[in-house]
Amino acid sequence: MRAAVVTFPGSNCDRDLRVAMEAVFGRPVKSLWHAETELPPLDLVGLPGGFSYGDYLRCGAIAARSPIMTEIARLARRGVAVLGICNGFQILTEAGLLPGALVRNMRLSFVCRPVPIEVATSASPFTADYRPGQRIALPVAHHDGNYVLEPAELARLEDEDRIAFRYLDNPNGSTADIAGVLNAERNVLGMMPHPERACDPLLGGSDGAGLFRSLLAALT
Amino acid sequence: MKARVAIRFRPGVLDPEARAIAKALANLGFEGVRGVARTRIIELELETTDPAAAEAEVRRMSEKLLANPVIETYSVTIAEQ
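So the protein lines, in turn, are chains D and H.
41 is the number that my numbering gives to position 41 of the first sequence; each next residue is one higher, with no gaps.
Residues are numbered in my numbering as their position in the second sequence, beginning at 1, plus a constant of 220.
It is worth saying that the hints were derived from the structure and are not from the lab.
Be a bit skeptical, because a hint or two may be false.
Claimed, not checked - Computed Cβ-Cβ distance ranges for the label pairs, DEER-style:
id: 1; chain 1: H; residue 1: Ser295; chain 2: D; residue 2: Ala176; range: 26 to 34 angstroms
id: 2; chain 1: H; residue 1: Phe250; chain 2: D; residue 2: Arg107; range: 16 to 24 angstroms
id: 3; chain 1: H; residue 1: Arg254; chain 2: D; residue 2: Pro151; range: 20 to 28 angstroms
id: 4; chain 1: D; residue 1: Pro116; chain 2: H; residue 2: Pro271; range: 23 to 31 angstroms
id: 5; chain 1: D; residue 1: Arg213; chain 2: H; residue 2: Gly255; range: 29 to 37 angstroms
id: 6; chain 1: H; residue 1: Arg224; chain 2: D; residue 2: Leu202; range: 51 to 59 angstroms
To be verified - To spell it out: a stretch of chain D is covered by chain H in this simulated footprint if at least three of its residues, at any positions, have a beta carbon under 8 angstroms from a beta carbon of chain H; those stretches are:
id: 7; segment: 57-64
id: 8; segment: 80-92
These figures come from a predicted structure and were not determined experimentally.
Cβ atoms here follow ideal geometry from the backbone N, Cα and C, with glycine treated the same way.
Generate the whole structure from the sequences, applying the supplied hints.
Structure (structure tokens):
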């Protein structure tokens, strides 16, 4: 398992994500700076939460056009697993690697609390460790997590079983309670909740560790 | 040469901030507001003096970065100095 986490200017969950991955994978996880254009061989790339480029223009918009994203898009096309959490999810939609867009929360306030979530599919390298329909709790912390999707695109996601996670108590107004989505090839996942913040009972829960266990099993 | 890009949500995309503005106007007693839409304006100063070239370039900028075509539309205005 060769994994790396990208740091953009303004990322703030990059270290948490590396620590969570290392605890489950049992080996070091590389740190990549956003200006890098030559990446080492990788099985998994993580795009962390935070406020890349201060959320200027639109959340994730500028990070999505940074040099490393061209390389990450190329890796994604070759089947390398790409996991975008929170701001990382925003970056993936802005880069066109996932459908839809994330806009301001419906009730306009920043939401920061653990929320109940349903695992909507276990048919992916990110979710195989969960049971379909399993209820878990993961923290969210975002201002722009309202997932907007056209009806035709939603129908396609549902037909193709590409909704990975759904909110049981929608905190942001997302279309169809979607909390996480997969690309058509199922090797790119974007999600607003933070599994890396729920990997240790001391931090309030360990429901997020299943995602990293899924990756370890799928990519080793 | 100056260019102005106006970016707004596509029809059908609900803008929570516009909705909050509409609510606040109603709370202040402004009745009869049928809709509120927000537009972001980005102004650019370009080196070119060819309006057609300027418009084509600004459209490329809009497609690549300034607007998100998934949820937004944009219009470009070119102004002579």
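Tested hints:
At about 31 angstroms, the CB distance of serine 295 of chain H to alanine 176 of chain D agrees with the hint of 26 to 34 angstroms. Separation of phenylalanine 250 of chain H from arginine 107 of chain D is about 22 angstroms and conforms to the stated range, judged on CB atoms against 16 to 24 angstroms. Distance hint for arginine 254 of chain H and proline 151 of chain D: a CB-CB separation of about 24 angstroms, consistent with the stated range 20 to 28 angstroms. Taken as a hint, the range 23 to 31 angstroms is violated for the pair proline 116 of chain D and proline 271 of chain H, whose Cβ atoms sit roughly 56 angstroms apart.
Range check, arginine 213 of chain D to glycine 255 of chain H: about 49 angstroms between beta-carbon atoms, so the 29 to 37 angstroms window is missed. In this structure the supplied range 51 to 59 angstroms holds for arginine 224 of chain H paired with leucine 202 of chain D, their Cβ-Cβ distance being about 53 angstroms. Counting residues of the segment 57-64 of chain D whose beta carbon lies closer than 8 angstroms to any beta carbon of chain H gives 4, which meets the minimum of three for the stated coverage. Here the segment 80-92 of chain D counts 0 residues with a CB under 8 angstroms from a CB of chain H, which misses the bar of 3, and the coverage is violated.
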